[in-house]
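Undergrad: Quick mapping for you: the protein sequence lines, in order, are chains A and B.
Residue numbers for the first sequence follow the working numbering, so the first one is 1 and each next one is one higher.
Residue numbers for the second sequence follow the working numbering, so the first one is 1001 and each next one is one higher.
Please keep in mind that the hints were generated in silico from the structure rather than gathered at the bench.
Be aware that one or more of the hints could be misleading.
Stated by the list, open to error - Derived pair list, reagent style PhoX-like, types lysine-lysine, alpha-carbon separation capped at 20 Å:
#1 B:K1190 with B:K1309
#2 A:K55 with B:K1309
#3 B:K1100 with A:K105
#4 A:K134 with B:K1023
Computed from a prediction, not measured in an experiment: that's the story for all the values here.
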Amino acid sequence: MTTLELQKKALEVRKGIVSSVHSAKAGHPGGSLSAADIFTYLYFEELNVDPADPKKADRDRFVLSKGHTAPGYYSALANRGFFPVEDLLTLRHTGSYLQGHPDMKHIPGVDMSSGSLGQGLSCAVGMALAAKLKGESYRTYCLCGDGEIQEGQIWEAAMFAGHRKLDNLVVIVDNNNLQIDGTVEEVCSPYPIAEKFAAFNFHTIEINGNDMDEIRKALDEAKATKGMPTAIVAHTVKGKGVSFMENNVGWHGKAPNDEEFAKAMEELGKAGEGLC
Amino acid sequence: MLEDKKIATRDSYGNALVALGEKESNLIVLDADLAAATKTGVFKKAFPERHIDCGIAESNMMGIAAGLSTCGYVPFVSTFAMFAAGRAFEQVRNSIGYPKLNVKIGATHAGISVGEDGATHQCNEDLALMRTIPGMVVINPADDVEAQAAVKAAYEHQGPVYIRFGRLAAPIVNDAPDYKFELGKGVTLKDGKDVTIIATGLEVAYALKAADMLEKDGISARVINIHTIKPLDVDLVVKAAKETGKIVTVEEHSVIGGLGSAVCDALAEKCPTPVCKIGVNDQFGESGPAVELIKKYGLDEVGIYNRVKEFI
Chain A
1 MTTLELQKKA
11 LEVRKGIVSS
21 VHSAKAGHPG
31 GSLSAADIFT
41 YLYFEELNVD
51 PADPKKADRD
61 RFVLSKGHTA
71 PGYYSALANR
81 GFFPVEDLLT
91 LRHTGSYLQG
101 HPDMKHIPGV
111 DMSSGSLGQG
121 LSCAVGMALA
131 AKLKGESYRT
141 YCLCGDGEIQ
151 EGQIWEAAMF
161 AGHRKLDNLV
171 VIVDNNNLQI
181 DGTVEEVCSP
191 YPIAEKFAAF
201 NFHTIEINGN
211 DMDEIRKALD
221 EAKATKGMPT
231 AIVAHTVKGK
241 GVSFMENNVG
251 WHGKAPNDEE
261 FAKAMEELGK
271 AGEGLC
Chain B
1001 MLEDKKIATR
1011 DSYGNALVAL
1021 GEKESNLIVL
1031 DADLAAATKT
1041 GVFKKAFPER
1051 HIDCGIAESN
1061 MMGIAAGLST
1071 CGYVPFVSTF
1081 AMFAAGRAFE
1091 QVRNSIGYPK
1101 LNVKIGATHA
1111 GISVGEDGAT
1121 HQCNEDLALM
1131 RTIPGMVVIN
1141 PADDVEAQAA
1151 VKAAYEHQGP
1161 VYIRFGRLAA
1171 PIVNDAPDYK
1181 FELGKGVTLK
1191 DGKDVTIIAT
1201 GLEVAYALKA
1211 ADMLEKDGIS
1221 ARVINIHTIK
1231 PLDVDLVVKA
1241 AKETGKIVTV
1251 EEHSVIGGLG
1261 SAVCDALAEK
1271 CPTPVCKIGV
1281 NDQFGESGPA
1291 VELIKKYGLD
1301 EVGIYNRVKE
1311 FI
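Same shape as in the complex, but just chain A (with noise of 0.2 Å):
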């Protein structure tokens, strides 16, 4: 796909992540649109995935680590056929498969169940892992939040993960900068994010996260990345593309009212308008 496509499509997938926290009247925007690029150019370009076989062997996997997120990926997952886009307003609603956080179980595409933040990564370690041991040819890719980072169980992963050398293995960190109570350095500074990557045996890379073409390019170079497992620190916005949501804490976990979700739709709508 060419960079203005994945732009149009990251837009579809915003217009999806605040539709369908609007209709659960809860769930987590922010995150989720600082990183819908991310997913956008993960499941348009990147993964080796097929919305017709969501389990078909060969896959490239994918692990939502910070899993409250889930309406970006799920935005994601819909929009490239995996169940359908009116799904997505049932998110959140008692009996939908669509769960606040991924469940594995029942949602077409998702590669493991996560939310509980810190655990993703080391899942995505195990199946990196698979992957070498058995001499299959396909990548793993994990997301984690700037926040989440603060889990020590991550370090665990990455220490093994680096140890290992699991080059079939990207870490993105979603550096959005913003957690419940605050900014993340005021809260418990994780920075600097890279270097400590590097310290634990990572090739690292710093992005613009919300740039389709720096994305494209630091997943190029992690995949041309041999012996040493790939960390990209996307910077991002929290709430891109909803200037209202832009670099707000208060929409961490907050769903837009029917006013704000007209706002913001209009929003998204207008910048469609700006891309052709």
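Please build the complex by placing chain B on the supplied structure of chain A, with the hints as guidance.
TA: Just chain B now, kept in the frame of chain A:
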């Protein structure tokens, strides 16, 4: 009972893994720097490419096992009960239990029979913790025969399984030539009509000895071995309650949440019966040789005998 053939169930674990590993190429063993103690070292020697040492990082190890299982491996995750069920509880619950992944947790060094290491390493809470996870099968084998059979049954079962192994050598109680292990089925080792002693794990041998002592006093005690704590053999427990009227449970585990609680849960609903729960009371353990601690905490045959006499 074969007293001269004592073997710790942690050794049975290692041996069973080697036997299974020869046949099953998707079996993989994970350790957290304790292969020498969990006795999976024999597997590491036989199949080095299928032994993954995760270092001292049990939470990460559970996640790695979860990831491996989604890619077709059947991981046996090995560490002490304290770290498997205790430290990594939430990883077991959320990364393995919730997605119902086919991961087997081999937890050694359970209970006060850890001995000299003392309270920090004596996990008396693992059965209680693991029992609360939906879909988790919980097994506590009594001897070498049962432990080896349990490992095989765990491999054949699709879904998460927790198996508890001990450090202390245990005599063989399952010496019948027609022995067969059935997941979720208790075994009546001795018949009796006055009281039923339901025991699990290391305590099964002590319960049999206590029953012999009671017999000499004219008390006929039935002895049931419950190797599968979950799912519990409710029918067998209820039958014993109806036929003997009184139930005693014995476990090398806290009296809160383990076998005793599982039996009480079942009986309260199906056949209210007086129950005496013998186990580690609401307290931490301490350092000392395992056999001495078992005696001190009233979990040897004399301790069981005395409690049963008081109870009936």
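Undergrad: Indicate, hint by hint, whether the structure satisfies it.
TA: Status of the hints after comparison with the structure:
Distance restraint check for K1190 of chain B and K1309 of chain B: the Cα-Cα separation of roughly 18 Å lies within the 20 Å cut-off, and the hinted pair is therefore satisfied. As the CA atoms of K55 of chain A and K1309 of chain B are separated by approximately 60 Å, the hinted pair breaks the 20 Å bound. For the given pair, K1100 of chain B sits about 8 Å from K105 of chain A by alpha-carbon distance, which is consistent with the 20 Å threshold. Using a Cα cut-off of 20 Å, the hinted pair K134 of chain A and K1023 of chain B holds, with the two alpha carbons roughly 17 Å apart.
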